[in-house]
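A.B. asks: Take a look at the letters that make up each chain.
Number of protein chains: 4
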Amino acid sequence: MEFVKDLKWKEGMDVNELVSSLGKVGFQSVELKKAQENIIKMKKDGAKIYLTFTSNMVTSGLRGFFAQLIKLGIPDVIVTTVGGMEEDIMKAYGEEFVIGDFQANDVELYEKGVNRVGNLFIRNESYSKFEDLVSPIIKGIYSKKKRVTPSEIFKEIGLGLKDEDSILYQAAKNNVPIFCPAITDGAFGFHLFMFQQNNKDFIVDVVKDFQNILFSTSQDEKKGLISLGGSISKHHAILACLLNGGLDYAVYMTTARHTSGSMSGATTNEAKSWGKVKDDSDAITVIGDVSINFPLVMISVLEELKKDEII
Amino acid sequence: MEFVKDLKWKEGMDVNELVSSLGKVGFQSVELKKAQENIIKMKKDGAKIYLTFTSNMVTSGLRGFFAQLIKLGIPDVIVTTVGGMEEDIMKAYGEEFVIGDFQANDVELYEKGVNRVGNLFIRNESYSKFEDLVSPIIKGIYSKKKRVTPSEIFKEIGLGLKDEDSILYQAAKNNVPIFCPAITDGAFGFHLFMFQQNNKDFIVDVVKDFQNILFSTSQDEKKGLISLGGSISKHHAILACLLNGGLDYAVYMTTARHTSGSMSGATTNEAKSWGKVKDDSDAITVIGDVSINFPLVMISVLEELKKDEII
Amino acid sequence: MEFVKDLKWKEGMDVNELVSSLGKVGFQSVELKKAQENIIKMKKDGAKIYLTFTSNMVTSGLRGFFAQLIKLGIPDVIVTTVGGMEEDIMKAYGEEFVIGDFQANDVELYEKGVNRVGNLFIRNESYSKFEDLVSPIIKGIYSKKKRVTPSEIFKEIGLGLKDEDSILYQAAKNNVPIFCPAITDGAFGFHLFMFQQNNKDFIVDVVKDFQNILFSTSQDEKKGLISLGGSISKHHAILACLLNGGLDYAVYMTTARHTSGSMSGATTNEAKSWGKVKDDSDAITVIGDVSINFPLVMISVLEELKKDEII
Amino acid sequence: MEFVKDLKWKEGMDVNELVSSLGKVGFQSVELKKAQENIIKMKKDGAKIYLTFTSNMVTSGLRGFFAQLIKLGIPDVIVTTVGGMEEDIMKAYGEEFVIGDFQANDVELYEKGVNRVGNLFIRNESYSKFEDLVSPIIKGIYSKKKRVTPSEIFKEIGLGLKDEDSILYQAAKNNVPIFCPAITDGAFGFHLFMFQQNNKDFIVDVVKDFQNILFSTSQDEKKGLISLGGSISKHHAILACLLNGGLDYAVYMTTARHTSGSMSGATTNEAKSWGKVKDDSDAITVIGDVSINFPLVMISVLEELKKDEII
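Chains Z, F, E and L supply the protein sequences, listed in that same order. To convert, count from 1 in the first sequence and add 1; that's the numbering used here. To convert, count from 1 in the second sequence and add 1; that's the numbering used here. To convert, count from 1 in the third sequence and add 1; that's the numbering used here. To convert, count from 1 in the fourth sequence and add 1; that's the numbering used here.
Among the hints, erroneous ones may be present.
What the hints assert, rightly or not - Derived lysine-lysine pairs resembling DSSO-like cross-links, with alpha carbons at most 27 Å apart:
| id | chain 1 | residue 1 | chain 2 | residue 2 |
| --- | --- | --- | --- | --- |
| 1 | Z | LYS145 | F | LYS201 |
| 2 | E | LYS146 | E | LYS174 |
| 3 | F | LYS308 | F | LYS72 |
| 4 | L | LYS201 | E | LYS146 |
| 5 | E | LYS25 | F | LYS113 |
| 6 | F | LYS49 | E | LYS11 |
| 7 | E | LYS11 | E | LYS25 |
The hints are simulated quantities; they were obtained by calculation from the structure and are not laboratory data. Just so we're clear, the structure is a prediction, and the values are computed from it rather than from any experiment.
Isolated chain Z (complex conformation) (with noise of 0.2 Å):
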């Protein structure tokens, strides 16, 4: 049995020392530090660890960490939508994206060719930019092969940039393959349409891809998952997992209700009915925003790693 603790501040305290401290405190920071502890468990576990976030965490300043996180071993697989890959390539080729306001004027961001994503604003200039960009790399790609995956669309991508903060980037020099079961829902879709256009026989091909996530891990192999947010990203790799005999671990982390049933709100404990997670502390849920949630129990956990020299 364990006991509410007091918090208190000590001066110079440490991120590493918050997470334990909030272990004690009660409510979400009970599950945020169980959450550390899951994730420190997957991993000297050996488990193959399935990353999954959203479009909008690109957008935001996650991005590098995530990239980080790819360098450091911590994900062996990552799904995601294609929102968040155009991003990646945007800010690899310098783009910046503005910290706004919630409470903007969205009639006049519009009318100055801004877009709001919560916060955060994207010039209409970035996706010009995405727009030159792009096409050569889809040539490329056709030039070489005409049926592609889009794991292996965005490891050619991956390959080409040159910027350590990026995710396509030090996920293709790590090999860690990334899947995004709806590769044409954005920009990216409209790029691949044009070409097709002029190139009939260029095929995309995400049957393919399934096979791929299918055998990215194995019945006999332990396998854990960080899910943040919802979205199709965090339900395709509780499929793949399921497939190959469920997960052994989960940490999701959202805002999203259970109480409508949806797959973004879905907490680890609907995950057991599924065969996916077997034990309760090896299934946790954090709910609140990824942008604070994530950073502090990821840093939490790259502390003990490094403490115990796994990374």
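Knowing the structure of chain Z, use the given hints to seat chains F, E and L on it.
C.D. replies: Below, chains F, E and L alone, put in the same frame as chain Z:
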């Protein structure tokens, strides 16, 4: 200037009267009434209507309601995720889903072969039967055409079903295309992969379906969106309309919050910065469970359209 | 075992039919139907019914509906916050609240003397008029009795109002006590303080009202709670019933989450650990906006009670 | 114009560095950093600082952190609910609260005499001991004064405690008044009632405490509010400051949504319509669990104030 008006029960009150009264109550009830007005407006204005929903809504009894709406000519285009289409097929073949409990013991459910989706239960055998159903379907499609799009697949399946309450059936019959940008993200993906193993020239062409959704409307056409829940369905419909000059009307119903910058929680307000929606009165977000709010809004819409002999 | 049933629109569908259908849809619609059944059960079982709500619901058009419910004999005891009672008085004297906008410019509103409560607006003059109304009322009460409880004050005020749609009026007329454990937390508190400045022997005895709510029921009596929103109103009703052996029935309607351990978000499930509610079927939490869900549930309850000649 | 900056882990990263980095990440992390800046600003500007929190936060390990903040001179006035003060007393006398589980079986807990507050457990015996503690305290207060305010009661209790980690002790010692507009809404209310049964001239004067909170500041003084969670604590502090010309700074931390028009979910934006807060940069709402966000913000504030030798 409109004023708050005290709600009063009258014996035998019908849904349409209630929705009218709710328009003067306050908070989300006011938004709900605005959503009703907005949908009537888009219909009367002859807008092309995009309806998007998530899989869990097809798990629920909204499934037959969606089918009815298609039959009545409300949506012109549907965008959804593959899980829902799988369940529509299961239901068309007589599978029944159980009304369960959010607090069910998930480990016990697993041992009984029951999968939980919120407070609904799906039995494993429903999936096994799906396996038996889907293989001949894919085979049949392949025998006609080796390179198909998701929307073609769904049309083909719909034509083969014999269930008035099926979304796929009604959509096929009424020429309403169903777009599904992540067709492999479900049991269906697994069966496509199995089939492709032995039929390497079988291609699911998602890029071509991007063209199809893009050409499903045009710059000149008025466009309206009814988006239920979030996910790529919502994003994909917005994207397609945006590339055609933007939406004229939008109703979003969701439980997600806008505070995390996610697509699921993005409000119709944010949509204005993307040039998607132009006017306040034409962009309504209703926060709450779709299983309650959508029938309430839509029944009231249908009553009004019936009165005006539009349906 | 109950099964999901496809929802279908029928022309002229009444609210009661819709609520019946919703019971087979899934997610919160199922909980909503259970709430309806639970309230009917508590009424038929002769339970003493506690109704709690927050001030913003009185700002809204639910105010007249609450009054109607009191008139129809639904609640036996009311627990609320003082802000709502202030607004009930304003409305009884003809003040009108405006249907506004969640996205209004708040600085502009301030400059126009308009106060925003969600998407409802209250003009400053409504408060000024309240000042003129409340002073003679307090004076009148003091002239009869120098030491009064909040529930006595509200009864006294109610007796003086002449508005069928007033909560205070109907409560006074039908001997439904209104408890308000924080009577000073509003404009009313300010006026009580002003009056006490010149009348030091004027005492508002909140401790005595604790006795009154405690004696409003007994161990032997069946007890039911309909709690709308959170706040001390919810807590206070639970507490009073707990000290009398616990609740037999409970319906909570809220938008708050249980994940932060707050009273507002506490579910009826948690209530079971407090010995408050005993059985699953008698403890229902419906997540969503009360401005929609409460009328829906309650109109359906009234229809059923009318059918059975209970009201 | 500020830009999104990729977050990077550095070994041994301290909390203050993390909070700085979060300011460039996006979504709630940006708001969290603004909250830190706002609190530093209110402190440096010599504003009178109101701190409000709900009972469940005192159940949690934030309790000792609140005590530390009082000791360090951060808040000048506290507004809270009585449940928290009861638990502060229990803890001061050595009671321990258990770290439990959100998914615990509530019926089993009840049978074991355990009460659940989110994922924290309070044993029945803690309440029994409280009974033994509180009776002589009330008796002692009564022997000195027959008509007392809640804030006087809390001061009296605090002076008698000998626990550095107690909110009541630190508040009493540092002349920080604790206001509690609903003092009877808890076990404390029950004991006050029991005592009054035999001592009819014992009066708890809540109206007088309205004067006290009103006079706790003035029109001339700068005023800042740190409001954690919702409830009457939040409302009461806003009200007191509003009657003194309005707040100059406000930081709200909550999980509640603004979409239902509730006080708990009301944002600092809405506060501007009430003349409470004047400028955008001085009114920050952080959405998320206080058990995580408050320590993060506040530790960073303390580090900065320490650096500047303000604490």
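A.B. asks: Does LYS11 (chain E) sit within 27 Å of LYS49 (chain F), going by the straight-line distance between their CA atoms?
C.D. replies: holds (25 Å)
A.B. asks: Given the hinted pair LYS308 (chain F) and LYS72 (chain F), is their Cα-Cα distance within 27 Å?
C.D. replies: The given pair, whose Cα atoms are some 18 Å apart, holds under the 27 Å limit.
A.B. asks: Given the hinted pair LYS145 (chain Z) and LYS201 (chain F), is their Cα-Cα distance within 27 Å?
C.D. replies: Distance ~19 Å between LYS145 (chain Z) and LYS201 (chain F) Cα, so the pair holds.
A.B. asks: Hint check: LYS11 (chain E) vs LYS25 (chain E), CA-CA at most 27 Å. Holds or violated?
C.D. replies: It holds: about 16 Å lies between the C-alpha atoms, which stays within 27 Å.
A.B. asks: Does the structure keep LYS201 (chain L) and LYS146 (chain E) at a Cα separation of 27 Å or less?
C.D. replies: holds (16 Å)
A.B. asks: Holds or violated: are the alpha carbons of LYS146 (chain E) and LYS174 (chain E) at most 27 Å from each other?
C.D. replies: With a Cα-Cα distance of about 20 Å, the restraint between LYS146 (chain E) and LYS174 (chain E) holds, given a limit of 27 Å.
A.B. asks: For the pair we were handed, LYS25 (chain E) and LYS113 (chain F), check the Cα-Cα distance against 27 Å.
C.D. replies: holds (23 Å)
The structure meets every hint from the earlier list without exception.
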